[in-house]
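Residue numbers (the numbering used here), protein chains in the order written: chain Z, 1 to 68; chain S, 1 to 68; chain W, 1 to 68; chain A, 1 to 68; chain X, 1 to 68; chain D, 1 to 68.
Careful: at least some of the hints might be erroneous.
A pair counts as met if it fits within one copy or between any two copies, since identical chains are not told apart.
What the hints assert, rightly or not - The calculated DSS-like cross-link candidates involving lysine-lysine, where the alpha carbons are at most 30 Å apart (straight line), are:
| id | residue 1 | residue 2 |
| --- | --- | --- |
| 1 | Lys17 | Lys66 |
| 2 | Lys37 | Lys22 |
| 3 | Lys25 | Lys37 |
| 4 | Lys37 | Lys17 |
| 5 | Lys37 | Lys66 |
| 6 | Lys25 | Lys66 |
What the hints contain is simulated information worked out from the structure, not anything from laboratory work.
There are 6 protein chains.
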Amino acid sequence: MPYVNIKVTGGSEAPSKEQKAKLIKGVTDLLADVLHKNPATTVVTIDEVDMDNWGIGGETVTERRKRS
Amino acid sequence: MPYVNIKVTGGSEAPSKEQKAKLIKGVTDLLADVLHKNPATTVVTIDEVDMDNWGIGGETVTERRKRS
Amino acid sequence: MPYVNIKVTGGSEAPSKEQKAKLIKGVTDLLADVLHKNPATTVVTIDEVDMDNWGIGGETVTERRKRS
Amino acid sequence: MPYVNIKVTGGSEAPSKEQKAKLIKGVTDLLADVLHKNPATTVVTIDEVDMDNWGIGGETVTERRKRS
Amino acid sequence: MPYVNIKVTGGSEAPSKEQKAKLIKGVTDLLADVLHKNPATTVVTIDEVDMDNWGIGGETVTERRKRS
Amino acid sequence: MPYVNIKVTGGSEAPSKEQKAKLIKGVTDLLADVLHKNPATTVVTIDEVDMDNWGIGGETVTERRKRS
């Protein structure tokens, strides 16, 4: 019955369809392994957040990526 | 003063403008009826989640819909 | 398959067990009525937020309640 | 280490790139000032919510804006 | 830089300290494996939700557990 | 009309009542300054997350604090 929300950067860094399927499978398996949660009712949602809308260290990821 | 967030599948399953208005009205009325919350300050947001980004039973809704 | 999160004030304003059951039933029915969502996979979580931890109009609900 | 999520209306009311950078900087500074949190690990995400998907007072922001 | 939120039932079903550490390690590794995300900036929060505050199938988990 | 959620570590690191009031005032002012949002309808909630339930770098904050 767990609910999991995963936020990652989108745009040019967005995960592929296959990578999203792997995240969903992986986190569902993890909850079954560690907490014996029933995979049938484990819900996962993935949010792809624009790099202008994600901040760390007081600046947007867009700015941060320019320097690296 | 309640805050409600509703996540539903988007894309070809996305609710119409009218359906979203009904959800907002319905949940605001429910909070007024059950908890006597003031509708004026009840806030509702609706997220439409892509079917590749929603998982249940360890697979994406995209995969699940193909089988049904 | 919808996921709904409801945040209301807790503490002395916390909903009772019966009120929480009514909110869960009501919002699940609403999603079935408006969007034909299957109640079996509709998930609802309720957060009770302390009045010191909820702000509106730039002040905590605790302060706001003192004046009313 | 704080995590902050800011939801504002999008579409024609969406914040500009510069405004989003100011929100991220401002909230990171606020957490450093008030709670001495390290800016390096403060994470902020901004969600721009469509005006059809945001409700207050039992109606969508789209409807509300029409009257004002 | 990902942010993950995991909601599970609390109370008598709450995960132990060790199980929570395993969930955090597991989901951080998953994001490194699938998306090459840097573990140093992967943030995970776990919410333990009271069984009266979690609904599925239109009823609380408390009610559901009584029947099983 | 913005909605802001702030998550910080709780327990021995929990913000005081006064600090929470400052965060609410500060973030409401920031949204008024940067985006001209009406403070009257700006809603802020603060979650205090147990250090066993917060992970960064693949480990709990509890473990991390022991080493520093």
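Hint by hint, here is what the structure shows:
For the homomeric pair Lys17 and Lys66, the shortest alpha-carbon distances inside one copy (26 Å) and between copies (15 Å) are both at most 30 Å. With identical chains, the CA atoms of Lys37 and Lys22 are at most 30 Å apart both within one copy (18 Å) and between copies (14 Å). Proximity of Lys25 to Lys37 under the C-alpha cut-off of 30 Å is found in both arrangements, the shortest distances being 13 Å within a copy and 17 Å between copies. Taking CA atoms no more than 30 Å apart as the test, Lys37 paired with Lys17 passes in both settings, with 25 Å inside one copy and 17 Å between copies.
With identical chains, the CA atoms of Lys37 and Lys66 are at most 30 Å apart between copies only, with a shortest distance of 18 Å across copies and 42 Å within one. Within a single copy, Lys25 and Lys66 get their C-alpha atoms only as close as 33 Å, which misses the 30 Å cut-off; across copies the closest is 17 Å, which meets it.
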